[in-house]
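Which chain is which? The protein sequence lines are D and S, in order.
Per numbering that gives the first Met the number 0, the very first residue in the first sequence carries number 0; after that it's consecutive.
Per numbering that gives the first Met the number 0, the very first residue in the second sequence carries number 0; after that it's consecutive.
It is worth saying that the hints were derived from the structure and are not from the lab.
Watch out, some of these pointers could steer you wrong.
What the hints assert, rightly or not - Here are some, though not all, of the chain S residues that point toward chain D, as calculated from beta-carbon distances under 7 Å:
hint, residue
1, R144
2, A181
3, L252
4, L261
5, V287
To be verified - Cross-link-like lysine-lysine pairs, in silico, DSS-like; alpha carbons within 25 Å at most:
hint, chain 1, residue 1, chain 2, residue 2
6, D, K240, S, K254
7, D, K240, D, K295
8, D, K81, D, K69
9, D, K200, S, K250
10, S, K250, S, K85
11, D, K240, D, K6
12, S, K258, D, K200
13, D, K81, D, K92
14, D, K27, D, K81
15, D, K27, D, K92
16, S, K192, D, K240
17, S, K127, D, K240
18, D, K171, D, K131
19, S, K154, S, K192
20, S, K76, S, K127
21, D, K131, D, K108
22, S, K154, D, K200
23, D, K131, D, K6
Stated by the list, open to error - Examples of chain D residues lying across from chain S (beta carbon under 7 Å, computed):
hint, residue
24, G76
25, I186
26, N194
27, P256
28, V259
Glycine included, every Cβ here is placed at the ideal spot set by N, Cα and C.
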Amino acid sequence: MSSPLLKIENLHAFYTVPLGGLRYGYRKVWALKGVNLDVFPGTTLGVVGGSGSGKTSLIRAILGFLRPAKGRILFRGMDISKLDRRRRMEIVKEIGYVPQEPSQSINPKMTIKDSIAEPLRPLGLSKEDIEKRIGVVMEMLDLDRSVGRMLARELSGGMLQRVAIARAIILKPRLLLLDEPTSFLDISTQAQILNILRDLKEELGLTYVLVSHDIDVVSYISDRIAVMVSGKVVEEGVAEKILREPLHPYTSILLNPEGVAREISIANSETDLCPIRSWCPLRMKKCSTEPPPAVKIDNEERTVLCWHYTT
Amino acid sequence: MVRSEELGIGYEHDEGVAWVVEDLDLEVEHGVVTCLIGESGCGKSTIGNAISGLLPPYARTYGRLVVADRVVIDGDKMNFTGVRGKVVVRIAQDPASALNPYLTIGEQLSTAIRTHFPGLSEHDVRSKALELLSDVMLGEDVYDRYPHQLSGGMKRRAAIALALAPEPEVIVADEPTSALDAYLKYAVASLLKKLQREWELTLVFITHDVSIARYICDQVVVVYAGRIVEEGASPRCLESPSHPYLELLLKALPKRFSKDRLADIPGMPPRPGMYPTGCKFHPRCPYVFERCRQEEPPIIKAGDRLVRCWRYYEQSLT
Ligand SMILES: Nc1ncnc2c1ncn2[C@@H]1O[C@H](COP(=O)(O)OP(=O)(O)OP(=O)(O)O)[C@@H](O)[C@H]1O
Ligand SMILES: Nc1ncnc2c1ncn2[C@@H]1O[C@H](COP(=O)(O)OP(=O)(O)O)[C@@H](O)[C@H]1O
Ligand code: SF4
Ligand SMILES: [Mg+2]
Ligand SMILES: [Mg+2]
Numbered sequence: 000m001s002s003p004l005l006k007i008e009n010l011h012a013f014y015t016v017p018l019g020g021l022r023y024g025y026r027k028v029w030a031l032k033g034v035n036l037d038v039f040p041g042t043t044l045g046v047v048g049g050s051g052s053g054k055t056s057l058i059r060a061i062l063g064f065l066r067p068a069k070g071r072i073l074f075r076g077m078d079i080s081k082l083d084r085r086r087r088m089e090i091v092k093e094i095g096y097v098p099q100e101p102s103q104s105i106n107p108k109m110t111i112k113d114s115i116a117e118p119l120r121p122l123g124l125s126k127e128d129i130e131k132r133i134g135v136v137m138e139m140l141d142l143d144r145s146v147g148r149m150l151a152r153e154l155s156g157g158m159l160q161r162v163a164i165a166r167a168i169i170l171k172p173r174l175l176l177l178d179e180p181t182s183f184l185d186i187s188t189q190a191q192i193l194n195i196l197r198d199l200k201e202e203l204g205l206t207y208v209l210v211s212h213d214i215d216v217v218s219y220i221s222d223r224i225a226v227m228v229s230g231k232v233v234e235e236g237v238a239e240k241i242l243r244e245p246l247h248p249y250t251s252i253l254l255n256p257e258g259v260a261r262e263i264s265i266a267n268s269e270t271d272l273c274p275i276r277s278w279c280p281l282r283m284k285k286c287s288t289e290p291p292p293a294v295k296i297d298n299e300e301r302t303v304l305c306w307h308y309t310t
Numbered sequence: 000m001v002r003s004e005e006l007g008i009g010y011e012h013d014e015g016v017a018w019v020v021e022d023l024d025l026e027v028e029h030g031v032v033t034c035l036i037g038e039s040g041c042g043k044s045t046i047g048n049a050i051s052g053l054l055p056p057y058a059r060t061y062g063r064l065v066v067a068d069r070v071v072i073d074g075d076k077m078n079f080t081g082v083r084g085k086v087v088v089r090i091a092q093d094p095a096s097a098l099n100p101y102l103t104i105g106e107q108l109s110t111a112i113r114t115h116f117p118g119l120s121e122h123d124v125r126s127k128a129l130e131l132l133s134d135v136m137l138g139e140d141v142y143d144r145y146p147h148q149l150s151g152g153m154k155r156r157a158a159i160a161l162a163l164a165p166e167p168e169v170i171v172a173d174e175p176t177s178a179l180d181a182y183l184k185y186a187v188a189s190l191l192k193k194l195q196r197e198w199e200l201t202l203v204f205i206t207h208d209v210s211i212a213r214y215i216c217d218q219v220v221v222v223y224a225g226r227i228v229e230e231g232a233s234p235r236c237l238e239s240p241s242h243p244y245l246e247l248l249l250k251a252l253p254k255r256f257s258k259d260r261l262a263d264i265p266g267m268p269p270r271p272g273m274y275p276t277g278c279k280f281h282p283r284c285p286y287v288f289e290r291c292r293q294e295e296p297p298i299i300k301a302g303d304r305l306v307r308c309w310r311y312y313e314q315s316l317t
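Isolated chain D (complex conformation) (with noise of 0.2 Å):
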């Protein structure tokens, strides 16, 4: 097998939030709580959790907007989040983003045209070249030339995320990170974007990380799924596998919650036990005791965050 494009290795990271008044002083809220990952090229890895699990805070610490406490980003083998400034800016334009809202990448005053094309100024490319990148994405993405002249508020969502997606891609990245890319979308909208997605990977071997709390979003564009409760990857393998046969008690009301009528809580406390060991099925003496280990299962295929599998 060939080697990850994307290798996270022990991610942690933390945000500083305010106790009350600024008097009182900081608390750390930990948003990844060792987080192992590999991403290979080619293929699409889809994120899933719930709200706070911490998703966009995953995406956030590839990206380097948020800083790994502990742990280590191999991109192409390197350690992204330990290089110095400018050899991390030639690294990270192989890295495309698209936010979870459109609005955090276009910026409303800007025309179409000039946001998709803002991550190319840098380069100091000549204008021709400039205008056929920008023509080249934005036939790929179906929009019309007239919709460069527009402003973002003139534009419906789901054109709005294509202008996203089109920006994120015209710096021609191995690797693109996906964040709730539909979710503010419609269904007929969702389906579009979808599909636009599956086809740019075919035509651009592109490797997807993609994030979103709709499993059967997930299931129709990945390869593989991570499921993340609390700041960790409690499951994670071969998508077809997970969907058929959850292991995870977590993953499986994932997949099935109509079956859940009360509200189930997820402990988002700082400690390293199972974070739903109040409500799990499966629990055991120990799951209170001691941090469940990371079991592998299926030919090291599948790995499982749980103490029920370790027997």
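Starting from the known structure of chain D, fit chain S with the ligands onto it as the hints suggest.
For chain S with the ligands alone, coordinates are given in the frame of chain D:
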């Protein structure tokens, strides 16, 4: 019970009125959960706001709307006195908007109870408030908490408890599960269903989430361009659609074990004031034929449901 007769709703702007909903005949029987399904901009909230008496002052109407035996819209006149916020309440999408961040949940519930049931002793007000909390499956400890001390799901429950305080007959829930985690969605939906049964409420549940609709509804009403295009007395039509719009919509949904390409519905829903002639879906419909472009199809009975499409009209004649 909610019944509309050729109801039209539009919004006034500089150049006139943009009619969003036209000639709507909706019938929701007492004690039933009806889902209004459709994509954004098709007029779901406009219908929901009309039923709950929350249209803005520049809204214009025609036709009639009856809510719990009271005529609330008659032509261009609206009269929701004694109905709005009492007989019919709305649960909005954003629960934070219904809750006051500066008052505890208990204070807010008590105020609402005192307003609707003047003369109750303070002791009774408090026990009624606690009862409401337990109805929405929140613990007594929530009584003394502020909204920011509750999780997203708990906030929605608290907002539901507040909406129930006046003991309404009709509830309009406008996208009450959007932006919630999968399991919270079902928890909120099943709570509404439970309350609807226990209190014998009429529930109008607005959503664009087909799986939630399948889970909760008795009656399905599919809305496109401010019209009912398909209506069925069971969630069955969400399994076997008749109208081309619903058919494509369901084919555009990702299915768990299928990697078949999702259906592309070309174009976008039309904006009010720019509805096409004939069938409002004809510019996007794969089955379009000449008559569709000329004349708007009537809604007709086709098997176990109502459908607004010329294909079914022609079949029904043969
Ligand atoms: N800027 C921030 N400052 C402080 N804490 C933050 C910040 N952003 C995120 N967090 C916290 O980090 C944790 C993970 O948040 P993150 O945004 O990564 O979740 P997510 O999985 O993307 O959730 P969602 O599905 O709601 O987008 C949460 O506990 C959140 O409250
Ligand atoms: N308060 C309002 N003022 C003006 N136009 C409105 C208002 N509310 C909705 N509309 C318009 O009416 C149409 C239907 O919107 P809405 O009823 O909110 O649909 P939905 O809830 O199905 O998304 C949209 O084109 C919207 O822009
Ligand atoms: S009436 Fe014609 S255009 Fe409209 S949905 Fe039916 S077949 Fe399609
Ligand atoms: Mg996020
Ligand atoms: Mg709406």
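| List of violated hint numbers, smallest to largest | Of the numbered hints, 1, 5, 10, 15, 16, 17, 20, 22, 23 and 24 do not hold.
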